[in-house]
Amino acid sequence: MTHAYAPGRPTLRGVSLDVAPGEFVAVVGENGSGKTTLARHLNALLPLQSGELAVAGIDAGDPTRVWELRRACGMVFQTPENQFVSTLVGEDVAFGPRNFGAGEKDARLAAVRALADVGLAGFERRDVHTLSGGQQQRVALAGVLASDPDVLVLDEATSMIDPQGRDELVRAVLRARSERSTALVWVTHDMELAARADRVVVMRAGAVAAAGVPAEVLSDRALLESAGLEPPLATRVWEGLVRRGAACGPAPVTVEGLVSALCD
Amino acid sequence: MRLTVEHMSLSYEGPAGERVTALADVSLALSGGVCGLMGRTGSGKTTLLEVMAGATRPDSGRVRMEGAGGVGLVFQMPERQFFERTVEREITFGLLARGVAADEAHERAARALALMGLTLDELGARSPFSLSGGQQRRVAIASVLALRPGLLLLDEPTAGLDPRARRACLDAVRAAAEDGATVVVASHDANALAEVADRLVVLEDGGVTLDGPARDLLADAPLMRDHGLEPACAARAALALRRAGLAVAGAPLTAEELADAIARGRGSA
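As you go down the protein sequences, you meet chains A and B in turn.
Residues 1 to 264 in my numbering are what the first sequence lists, from first letter to last.
Residues 1 to 269 in my numbering are what the second sequence lists, from first letter to last.
Next up, chain A with everything else stripped away, as it sits in the complex:
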């Protein structure tokens, strides 16, 4: 897939990517590397210029199937307050299924279920603007889950909320994934989060620079630096230990990995 906002200045350059059902793929890269453009394509928010894209088996190049594709692929964006269509939590969450053709009763039921799934059971009558940033992001997540998508795309969805809100959102997303087998494409700068993915995709200047399991990709300092990134804390600590002659072998990428590498 290739995409250019201005002629001659492509933002995506020949990106190829395959995400399996239920897989958690983290997309990392510096600002301007094409992550958000890629994410927007998955939800058909941008017209396909060249290349091919199928989401849940739906051809993104077929203009008659755009709605079907958007139901199959839900998206949560960076700033929660930009995503609401109603001030009432229950109304906002029911909007998705209603919009995709569900009857009134089914839409409401889907909303109640989705809110329970993100840990906000009973919030239907609350005003979205009285919620914390983390709660707002979970309302946005519920709004997407209510349409029961096959793919969930999160674009920097934790970067504008506080650490507690971030942890709540991560828990809710991972629970939804395990209960519904939703595939996750999570665009993030948070290397500690990327380390928990099944696979990490590194974007560099609009192209995929590398894709692989976190243990391989996130411990490769040269690769990450070439993409304007740095390894997660556990890897950096391990590098420091290797330099001091206090450790050897493959670097861990999570704190849990560091603990077991040092204590075994």
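Hint data in this document are derived by calculation from the structure and do not stem from the laboratory.
Any given hint might turn out to be false.
What the hints assert, rightly or not - Examples of chain B residues lying across from chain A (beta carbon under 7 angstroms, computed):
#, residue
1, Val63
2, Gly134
3, Gly160
4, Arg164
To be verified - Some residues of chain A that are not near chain B, with every Cβ distance over 10 angstroms (derived):
#, residue
5, Pro7
6, Leu17
7, Gly32
8, Leu46
9, Gly57
10, Ile58
11, Gln83
12, Val85
13, Ala102
14, Asp162
15, Arg177
16, Ala234
17, Glu256
As the list claims (entries may be wrong) - Some chain A residues near chain B, calculated using beta-carbon distances under 10 angstroms:
#, residue
18, Tyr5
19, Val237
20, Val242
21, Val259
22, Cys263
Ideal Cβ placement from N, Cα and C applies to all residues, glycine included.
Since the structure of chain A is provided, determine the placement of chain B on it from the hints.
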């Protein structure tokens, strides 16, 4: 600049007509250096910055400023306030409005942008709206740095930035303090504050609950958690390692310090 906040209180009407306390009898004296401001969402950080900047009037208490340079406030997501056609006009706007000559304004804009790791030659003629998110944030911060404020206040300056932009932002914060400015950074990012802050003030429900050397507080993972805050990554990892029975010396705050503390622990074991 020396800043004194005395017995500052502020409340407002909440959505259900109830009184919400934003600040409750806050007193602080700052003179030089970088002060980190932490607290959970709704604890009063943004309100305190606005009151310090004179943008919000408190119900009671007062703010005194002694020294030159005025106040520069970088709001959360400052890039949302862009309104000029070019990056150069965006950065020089405040300077020209204060009567700085065009040549000097250009010079100061170039220097401020260079501090943020970008060049005016490359970006000056572009629309600020055409830049990437990380570039926009840096241009927005540069437009305040160019004014060389004596008191520099930043609200969540690193939120959403990639490592390169974050690095540039933290370096510029340090540089402003070394130039003599008094800097206050409100942030949830304990790792960022571990790198730049000399002092840390923690707000809870509008009141100051912790105030001390940033290093000591940020490295104390249990203390931070008790106050509902996330400790620096390295402090959290050190705690996990100690719980697993490993000797970790001192109070490490960065990956390098943690590696050192583990290596020393292993050497003495």
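> Broken hints, numbered, in rising order?
Replying inline: 1, 7, 14, 16, 17
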